[in-house]
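J.: Keeping their order, the protein sequence lines are chains A and B. The working numbering applies: residue 2 is where the first sequence begins, and numbers increase by one. The working numbering applies: residue 764 is where the second sequence begins, and numbers increase by one.
By construction, these hints were calculated from the structure, which means they are not laboratory data. Where is the CB? At the ideal position from N, CA and C, for every residue including glycine. Possibly wrong hints are sitting among the right ones.
Unchecked claim - List time: in silico EDC-like cross-link candidates among lysine to aspartate or glutamate, alpha-carbon distance up to 16 Å: (1) B:Lys-892 / A:Asp-17; (2) A:Lys-241 / B:Glu-780; (3) B:Lys-817 / A:Asp-479; (4) A:Lys-167 / A:Glu-127; (5) B:Lys-898 / B:Asp-936; (6) B:Lys-898 / B:Asp-845; (7) A:Lys-241 / B:Glu-844; (8) A:Lys-241 / B:Asp-850; (9) A:Lys-167 / A:Asp-154.
Unchecked claim - For the chain B half of the interface with chain A, some residues (derived, Cβ under 8 Å), not all of them: (10) Tyr-851; (11) Gly-866; (12) Cys-1035.
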Amino acid sequence: MKFLAILRDSLREAMDSSVFYVMIGLSVLMILFTLTISFTPTAGGEAVMQMASLPVALDPSDLNLAQLDPDALLRSVLKANRGIFQPVGVDTIGDQPDAPTSTFRVTLLAMPVPNAVKNPGDDGVEAEIRSRFGRLDRWHIAEVIDVRRAAPDNPHVSATVIPFAKYYEVTARPTADGTRLWPHKFSVLFGAFTFPGNGTPLGAQLWLIENYVLNGVGAWVIVLVSIVITSFFIPNMLRKGTVDFLLVKPIRRATLLMYKFIGGLAFIFLNTSFAIVGMWVALGLRSGVWATGVLFTILIITFFFAILYSVSVFFGVLTGSPIAAILLTCFSWGVLSLTGCTTEYYDFVKESGGITARNAAPPVTVAVAGLSPSPLAAGPLMAATILNPEVADRITPSRSYESWFAQSVYAVHYVLPRTRDLDEMTTHFLLRDLVVANQVGDQHIKAKPLDWTESITVSGIFIVLLLGMSCWWFATKDY
Amino acid sequence: MSVIRTDNLVKSYGKVEALKGVSISVERGEVFGLLGQNGAGKTTLIKALLGIIKPTMGEALLLGERAGTASVRRRVGYLPEDHRFPDYHTGASLLNFYGALLGVSAGERSRRIPEVLDVVGIKGRMHSKIRTYSKGMKQRLGIAQALLHQPEVIFLDEPTDGVDPLGRREIRDLMQTLKEKGATIFLNSHLLGEVELICDRVAILQRGNLVQIGAVSDLTQQHGRYSLRLAPGDALPRDKFVQLGYQIARKSGDFWEIIVPEGKTIDAGIACLAESGLRLRHLVEQRQSLEELFIETVEAAEPGVDYSRAHRTRPARGDGYR
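Hey, can you work out the whole structure from these sequences and the hints?
T.: Here you go:
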């Protein structure tokens, strides 16, 4: 009863603030704006069915699907050792349009490789194709309706004359997962403004919106505004003339403070839930994709806020000033982010053997690697050094991660909450749902192996310590 | 057994001693007044009794238990001085919140809240935001929250502060009603006239020391000092009175102030008047007002300080000293 009373009191206090209504108003505007977004499928059957064909011959998780190149494909096919299955034609059945709802016939050119486990023409190959076609990573992007040897009148067969080649026809239909890979044109305000281009996979568009708009800017605004609102909770409670009313009630001071803390968390949980569930529903209605990964971000943002709110409570109890609590909490947020970024940078330097985009010569890097010039693209840079001795000569490996400064940053990072890790965790959840492994670049899914248990435990201990000190101070101080 | 008892209570803030070994006891059903100048330690004493601050030394017992325990706090009501309510509440929602913290059931709260707000006279505004209340209404709300759970002991720190004269009388009547119902009231007020009217006993604190404690009637009584008036045309037999050992202090209008020395009574004087054929119209044993007692006590505690002048420099808080 007491807990609920304090919870209601906290919510009442938060809702009394005009900032709260500004935040709700912004959320409503964002939701309404999202409802005006249109995703219109463009011609993408060939690309999606080609992607669905990949698992027949290779393991797609080995590939960077965002930047496919023939050499990488060939290496992967040889590694899988199942023979070569290459789509040579994708057609819709009958007069159906090139759309995610249509059925397609995919003609596969199949060629044997030496010592393969199972080669084209062997018994059971049709069944193998049926079981592997469209199984991309965790996703099932196409539903196979039929697999058979290609008829002689298939135009793609007659057009290709290769010795030892065999042809198969796969009749398949894109699934809901397949729709996420399907290129769509993006427009806002019910088509009034359409973004140029031939379309981007729907899942990738949703990922961009959810990761950068919702989990990026949106979460940042929610957390910042919540810090401002909730930083008043404790100092207001401790005001002379107000605190007396509470201290004479039969409730322990530490319990009172903890309930107040939970009240603040409940506030942001409800706010975040409103914004994220609203956006999720709006995006679901407009895109037809109901990926639930984004809903986990509610818990992650709440936990992230719990870290900052414990700081706010600590300074609130210590100083009794909401302004001091807001400023010191924002400062702490900056320190945590900076520590996370710096640690990430040194980790990257260490993992890439001390070679970074900064100490490699940029023009050569881009020209030789031919891939992303992003400083995170350590893999291609290293490949470039191997392939091109000229580049290797111009690179001086850095051992900055061994400096006293780096070691100090590591030490601080070791004991402080891992807010950057939480950010990574959110990205991870969104990627799992919306983007096939490697579709937007390998580094997002695999390059940062994080120990979630350690991250959450360290952050949890930090929260407990700060709250413990706050409770001790509050319980022993005379008011 | 005393409802409130402190034994040699000391509270220090660094080098400053706010309470210097205060020992008091208050019995059940008593209305006890605590007097003292600003900074005398009155609020410190109340806070120590309620467990809001921890005493440096000594013991404070409330309802037979150590002061400040949760079980004791459940049985105590408190109106702090200079209180500030969270103004995002309405009067009713605030009482609902405090009632829940006190462990009052939801059903009981919904019954008691309108009742107690009606008692203090703000039921009609119970659903208005507190920020729209006047100072007097806030004070009444403060009293309402102190009474909500029907406590056995009620601590009221300046309960009539900001309340208009009519409201003061209502609050006084309310305290009288509570007293009749058996509640013990610990009152801290600068309005000495009111304290005198309501309280059974008072204590005076001066710079953390307890300098006076006792029943109001005992403390204000002036033994042997009488006010006397004779019928028009009759003259006081001054010589006979002097022979009786009486001292004639002064004459104010038709009233004579007679001081009867210790060991003698006024009865001899009354007989003397009768024998002289004089007609007695008025004879009252004089009492000191609580205000006079307070000033006298404070001056005695710190001779040489002109409190009437000091009072003029503190108009906001010194009204009660006049």
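J.: Now, for every hint given, state plainly whether the structure supports it.
T.: Outcome of the hint check:
1. B:Lys-892 / A:Asp-17: Judged against 16 Å, a Cα distance of about 11 Å means the pair holds.
2. A:Lys-241 / B:Glu-780: violated (21 Å)
3. B:Lys-817 / A:Asp-479: Judged against 16 Å, a Cα distance of about 7 Å means the pair holds.
4. A:Lys-167 / A:Glu-127: Status holds; Cα separation ~12 Å.
5. B:Lys-898 / B:Asp-936: violated (20 Å)
6. B:Lys-898 / B:Asp-845: holds (10 Å)
7. A:Lys-241 / B:Glu-844: holds (10 Å)
8. A:Lys-241 / B:Asp-850: holds (14 Å)
9. A:Lys-167 / A:Asp-154: At roughly 14 Å apart (the allowed maximum being 16 Å), Asp-154 of chain A and Lys-167 of chain A satisfy the hint.
10. Tyr-851: holds (4 Å)
11. Gly-866: holds (6 Å)
12. Cys-1035: This interface hint is violated because 60 Å lies over the 8 Å limit.
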